[in-house]
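**Q** The listed protein sequences correspond, in order, to chains P and U. Residue numbers for the first sequence follow the numbering used here, so the first one is 9 and each next one is one higher. Residue numbers for the second sequence follow the numbering used here, so the first one is 348 and each next one is one higher.
Honestly, the hints are just simulated from the structure, not real lab data. Note that this is a predicted model, so its numbers are computed, not measured. Errors might be hidden in some of the hints.
Now the in silico label distances, taken between C-beta atoms and shown as ranges [unchecked claim]:
| # | chain 1 | residue 1 | chain 2 | residue 2 | range |
| --- | --- | --- | --- | --- | --- |
| 1 | U | Ala402 | P | Arg373 | 48 to 54 Å |
| 2 | U | Ala629 | P | Asn307 | 55 to 61 Å |
| 3 | U | Ala536 | P | Ala374 | 33 to 39 Å |
| 4 | U | Ser360 | P | Gly215 | 34 to 40 Å |
| 5 | U | Leu534 | P | Ser381 | 49 to 55 Å |
| 6 | P | Ala405 | U | Ala592 | 42 to 48 Å |
| 7 | P | Asp269 | U | Ala629 | 51 to 57 Å |
| 8 | U | Arg543 | P | Ala249 | 40 to 46 Å |
| 9 | P | Gly251 | U | Asn475 | 51 to 57 Å |
| 10 | P | Ala249 | U | Arg478 | 52 to 58 Å |
Every residue, glycine too, gets a C-beta built ideally from N, C-alpha and C.
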Amino acid sequence: MSDKYIDLISSGAGKNIAKRLGLPQPARLRRYLPGAPVIDGPVLVTGPASDAGDAVRTTLLDWRLDVRRHAAPGEKLGAIVVDFTSVAHPADLTETSITVGGALRDLKSGGRIVVLTRPSCAGDDAPVAAARQGVDGWLRSLAHEMRGGSTANGIAISGDVPASAPSVSGALRFLLSGRSAFVDGQFIHVTSNAGSLPEDWELPLAGRVAVVTGAARGIGAEVARVLARDGASLVVVDVPAAGEALSKVANTVGGTALQLDITSEDAGQRIIDHAVARHGGIDIVVHNAGITRDRLLANMAEDRFASVVAVNVAAPLTINEALLASDKFTNAPRIVGLASTSGIAGNRGQTNYATSKAGVIGMVRATAPRMESVGGTANAVAPGFIDTEMTARMPFATREVARRLNSLQQAGLPVDVAETIAFLSSPQAGGVRGDVIRVCGQNLVGA
Amino acid sequence: MSTSTVELTSTPSLPAIYASAAKDAGRRRFSRTSSGVTGALPDTRYRLRAITASAERLTAYQHLVGEPAADRLPACFVHVLSFPVAMSLMAASDFPLPLMGMVHLDNRIDQFAPIVLGEAIDIDCRANHLRAHHRGTQVDVTATARVGGTVRWHSRSTYLAKGVFLDDDDRQTVPRPEFEPPTPTGLWALPGDIGRRYARVSGDYNPIHLSSAGAKLLGFRRAIAHGMYLAARAVAASDVRHWDAMTQQVSFGSPAIVPGRVAFAAQPNERGEEAGAEESRARVDYVGWNAKSGRKHFSGSIIHN
């Protein structure tokens, strides 16, 4: 679906009117194109000296990017990488903040700010913890100030994990690229040195077999397409009633279709059997299938609550048990659950949906440690307002307001959710475990 | 002359056809070479309705030829499905050429729209264009695959009966064109059992592909790789499985002995600009040759329609 408002204000009279009336002026987001450079323009790496900064410079140079230690006045920048990993006191943040602030006006549209930080924890000295937690507020506020489709995100690197860890490189590349177009004001937590860099950054999922549930349409179909584009072999799953649409998706992505009700008890085993019989293995499972049955809790019938919980979180839980028990799901496997910003912030009339989506967050947090011994991960993606068939049915005014309520002043596209899922499914995300990445344009509320 | 139709009620057994053809081979070959053949082909259509492939067989085929598992049937796999119908036609008593020892010279497949696993396919086969070749007589066998009455796929195979000459034949020798091997993009190791493995997934138990003994009976030194296996691998290596409509053409040169090594080169061409936006089509040309001697085994093209 096209955003008519962006079309209107992108040129000519519409642009002038929007400016004069002080209306939102959303930019066209820079999205990933295979073969395009990671980012267009030089990358300024700044912050108090640290090993992490040096490691990141090496990584960026390996990707043939133009790396700067100091911004040349007036030179347009593609991205600013801010290294706060060595800060020991909140006062250490000031000088770099002023440097970044000065460079902001030179950032190109579609530019990126990526902050490297260490998450504060209870064992830190108080000034260190204060500085590290300070970075959190710093980044989230700066993200609100970004213009022209630019975003600001962070990589929170745990404890002793070196900045040269595969997942730090993976997260950095993801956040710099157009894959993260609708991810804003977020931290990706790298908690271990696990994972591996892909042989080919254009095909990070080559040789991997991925299963996507609810793939007949919407976000699921787009997830299948993006995983296939990144090199994976696809099993697309949906209910028999969606068989024809599912078959089309299978055809488009060159994969196989599996008609299946995921709430059936043997769903997990049937998924494994199909993937192994047809593709020789199973490596990635994306729990995308989901339903909504919105109603105020005061008016909620039992079956409306129960069915949403059954499809959105109980079925993935049961399927995961089959996966974890299988000796076929042991080659650095990946589970990605679909949460929602509703599950984080709550939403009126969605107690059932928010319960199930918050449940997904709990599910991946508890599942990830059980997969560590085989190099596996479980993570979740929490979309905000995404233009789909589902949101197209919302009343016009509600939809228009909901679309603008984020830092990027527009709805995300299914491909934005799919790109983040593809990142979490990749070998380079092996050190990201039990995390939730919001794909919401820094939404102010749950949607 | 009106066309008659033979309706097959089940997929014919290829091993049975080969066995009976082998029994007849000596006699038929002898009678044909001594007397020659007339230019007449029976105007008969062979038809088999509602063929469906199993997921197991499709998957085994895809893995053998190097395709990833997918519900879309590779165009060469549809040829495999249609082959028993074509064989019934060629093994019939009114077919003028001997089945055993026939050589596949050329194949062209037009895929108008993909066929998906689970769809019921109706196959029609006919023979036409019996004509002279400098080493014998050649004939075209066409197969049409319909789903729900719509033609999705069409194939034309040209076969040569070596040493069988038409009555009115004026033989000419044609010099083999020079072949300069390009830089290979792949090297295929063909194991000794590849013919038997392909026979298991294709159902085509032609003795010349199975063993040296079988091949010697029919005048070959050793077992040779199946042409449609090589073609299917070439298509898989050309990575065109997302193309909905395409034309695949392959010509077979010297046979590839197994075990052996085939050097392979695929050259993708984007023809967008020169052909104009309306006509923008992509195309892959490929060639396979003996890695040691440099003799060409096959060459072909795949054109996105």
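**Q** Please go over all the hints and tell whether each is borne out by the structure.
**A** Taking the hints in turn, this is what the structure says about them:
1. At roughly 37 Å, the beta-carbon separation of Ala402 of chain U and Arg373 of chain P lies outside the given 48 to 54 Å, and the hint is violated.
2. Under the hint 55 to 61 Å, the C-beta atoms of Ala629 of chain U and Asn307 of chain P, about 56 Å apart, fit the expected range.
3. For the pair Ala536 of chain U and Ala374 of chain P, the supplied restraint of 33 to 39 Å is violated, since their beta-carbon distance comes to about 47 Å.
4. Checking the proposed 34 to 40 Å range against Ser360 of chain U and Gly215 of chain P shows it holds: the Cβ atoms sit about 38 Å from each other.
5. Evaluation of the 49 to 55 Å hint for Leu534 of chain U and Ser381 of chain P yields a failure: the beta carbon distance comes to about 39 Å.
6. Between Ala405 of chain P and Ala592 of chain U, the C-beta spacing of about 44 Å keeps the proposed range 42 to 48 Å intact.
7. Hint check: Asp269 of chain P to Ala629 of chain U, Cβ distance near 40 Å, so the stated range 51 to 57 Å is violated.
8. Arg543 of chain U and Ala249 of chain P have their C-beta atoms about 43 Å apart, which keeps the hinted 40 to 46 Å range intact.
9. For the hinted restraint 51 to 57 Å between Gly251 of chain P and Asn475 of chain U, the CB-CB distance of approximately 39 Å leaves it violated.
10. For the hinted restraint 52 to 58 Å between Ala249 of chain P and Arg478 of chain U, the CB-CB distance of approximately 54 Å keeps it satisfied.
When the structure is compared with the earlier hints, violations turn up for hints 1, 3, 5, 7 and 9 and for no others.
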